[in-house]
Amino acid sequence: GNSVTQMEGPVTLSEEAFLTINCTYTATGYPSLFWYVQYPGEGLQLLLKATKADDKGSNKGFEATYRKETTSFHLEKGSVQVSDSAVYFCARGDSGGGADGLTFGKGTHLIIQP
Amino acid sequence: DAGVIQSPRHEVTEMGQEVTLRCKPISGHNSLFWYRQTMMRGLELLIYFNNNVPIDDSGMPEDRFSAKMPNASFSTLKIQPSEPRDSAVYFCASSLAGGDSPLHFGNGTRLTVT
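Line by line, the protein sequences give chains U and E. Quick note: the first sequence, position 74, residue 74 per our numbering, numbers continuous. Quick note: the second sequence, position 7, residue 7 per our numbering, numbers continuous.
Derived by calculation from the structure, the hints in this document are not laboratory data. Just so we're clear, the structure is a prediction, and the values are computed from it rather than from any experiment. Please note: incorrect hints may appear among the correct ones.
[Stated by the list, open to error] Think about it this way: if two alpha-carbon atoms lie no more than 20 angstroms apart in a straight line, the pair counts; the simulated EDC-like pairs of lysine to aspartate or glutamate are:
#, chain 1, residue 1, chain 2, residue 2
1, U, LYS56, U, GLU42
2, U, LYS106, U, GLU76
3, U, LYS56, U, GLU76
4, U, LYS106, E, GLU44
5, E, LYS24, U, ASP54
6, E, LYS68, E, GLU18
[To be verified] Between beta-carbon pairs, the in silico distance windows are:
#, chain 1, residue 1, chain 2, residue 2, range
7, E, SER27, U, LYS56, 38 to 44 angstroms
8, U, ARG67, E, SER87, 34 to 40 angstroms
9, U, ASP54, E, ASN52, 35 to 41 angstroms
[Stated by the list, open to error] For the chain E half of the interface with chain U, some residues (derived, Cβ under 10 angstroms), not all of them:
#, residue
10, ALA2
11, GLY3
12, SER7
13, ARG9
14, LEU43
15, LEU45
16, LEU46
17, PHE65
18, ALA67
19, PHE91
C-beta atoms are modelled at their ideal positions from N, C-alpha and C, and glycine is treated no differently.
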C-alpha cells in the first residue's frame, strides 16, 4: 500500500540554523504531497503542498520540492526560529489529491533552542 | 470560521466505562475523519465519512469502537467498554471531498483510561 517515510526525531537545532527534514513516499500513481505542522496542544494544520512533479510548495519560510525521480519531498527552511518548534508530518494523497486517501508519516519532532 | 470543534478537550475515565467523543466539522465540508494519535503508533486513521456516509472503517481497532454521523454538522466516536490501551489523543478533521482540499483538524480530545 501507500506509505510515507520521514526521518526519525527529535531534531534539535539552534536558532537561525538551516533545517532539512527528509521525506520519501511510495511511487504508486501520481499523488499530491503535503507537509502538516502540529504545535503543542493543537491539531495538525497544513503548512504547504505540491500537486505534481517539480512543483515547489512554500509557506512561512518553509519550502519543499516534489521530486519524482527520487520520490522525495524534503522540507527545508533557511533560518529557523524558536517558534518553529513543533511536530512536522509529511503526507501523500491519492492521485486525485483529495483528503480521502491521505497517508501520513510518523512525524518529526523539531526542537529549536535559543 | 470557528474551525473544527471537538469536545471534551480532556476525558479521564475508568476501564469498562463508555466514552463518547464529539465533533462539529467546518460548515460546508462534506468529508469527516477520525484519527488517533499515540507515541507508539503515530497518527492512525480510524474512519472517514463522505456526505454523512461511512466510507472506510478499516482503521477502527475493534468492535468496541463505533462512529456515527447523523447529520452534516455532528459526529461521534464511541468506545464501549473502554480499556487502558485506548488512551490517546483523538482528532477529528474535515475537508471538502476530492480535489486538493486540505484537512482541517480540531484540537483533539486527550483520553486517559485508568
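Results of checking the hints against the structure:
For a cut-off of 20 angstroms, the pair hint linking LYS56 of chain U to GLU42 of chain U is broken: about 26 angstroms separates their Cα positions. Taking the CA atoms of LYS106 of chain U and GLU76 of chain U, the gap is about 18 angstroms. The hint holds against a cut of 20 angstroms. At roughly 11 angstroms between alpha-carbon atoms, LYS56 of chain U and GLU76 of chain U fall within 20 angstroms of each other, so this suggested pair holds. Distance restraint check for LYS106 of chain U and GLU44 of chain E: the Cα-Cα separation of roughly 9 angstroms lies within the 20 angstroms cut-off, and the hinted pair is therefore satisfied.
Among the hinted pairs, LYS24 of chain E with ASP54 of chain U is inconsistent with the structure: their alpha-carbon atoms are about 37 angstroms apart, more than 20 angstroms. For the hint pairing LYS68 of chain E with GLU18 of chain E, the CA-to-CA distance comes to about 15 angstroms; that is within 20 angstroms, so the pair holds. Roughly 32 angstroms separates the CB atoms of SER27 of chain E and LYS56 of chain U, a value that falls outside the hinted 38 to 44 angstroms. For ARG67 of chain U paired with SER87 of chain E, a C-beta distance near 38 angstroms keeps the hint of 34 to 40 angstroms intact.
Distance hint check: the CB atoms of ASP54 of chain U and ASN52 of chain E are about 38 angstroms apart, consistent with the given range 35 to 41 angstroms. This hint is violated: ALA2 of chain E has a C-beta 13 angstroms from the nearest C-beta of chain U, more than the 10 angstroms allowed. For GLY3 of chain E, the interface hint holds, since its Cβ comes within 10 angstroms of a Cβ in chain U; the closest pair sits about 9 angstroms apart. Violation of the interface hint for SER7 of chain E is found here, the shortest Cβ-Cβ separation to chain U being roughly 14 angstroms, above the 10 angstroms cut-off.
With 10 angstroms as the threshold, the beta carbon of ARG9 of chain E comes within range of chain U, its nearest partner Cβ sitting at about 9 angstroms, so the hint holds. With a cut of 10 angstroms, the hint placing LEU43 of chain E at the interface with chain U holds, because the nearest CB-to-CB distance is about 5 angstroms. The restraint placing LEU45 of chain E at the interface with chain U holds, with a minimum CB-CB distance near 8 angstroms, inside the 10 angstroms limit. Because the beta carbon of LEU46 of chain E sits about 13 angstroms from the nearest beta carbon in chain U, more than 10 angstroms, this interface hint is broken.
At about 19 angstroms, the closest approach between the beta carbon of PHE65 of chain E and any beta carbon in chain U exceeds 10 angstroms, and the interface hint on this residue is violated. With its C-beta approaching chain U no nearer than about 16 angstroms, ALA67 of chain E sits outside the 10 angstroms limit, and its interface hint is violated. Hint on PHE91 of chain E holds. Least Cβ distance to chain U is approximately 5 angstroms, under the 10 angstroms limit.
Checked against the numbered hints listed earlier, the structure breaks hints 1, 5, 7, 10, 12, 16, 17, 18; every other hint is satisfied.
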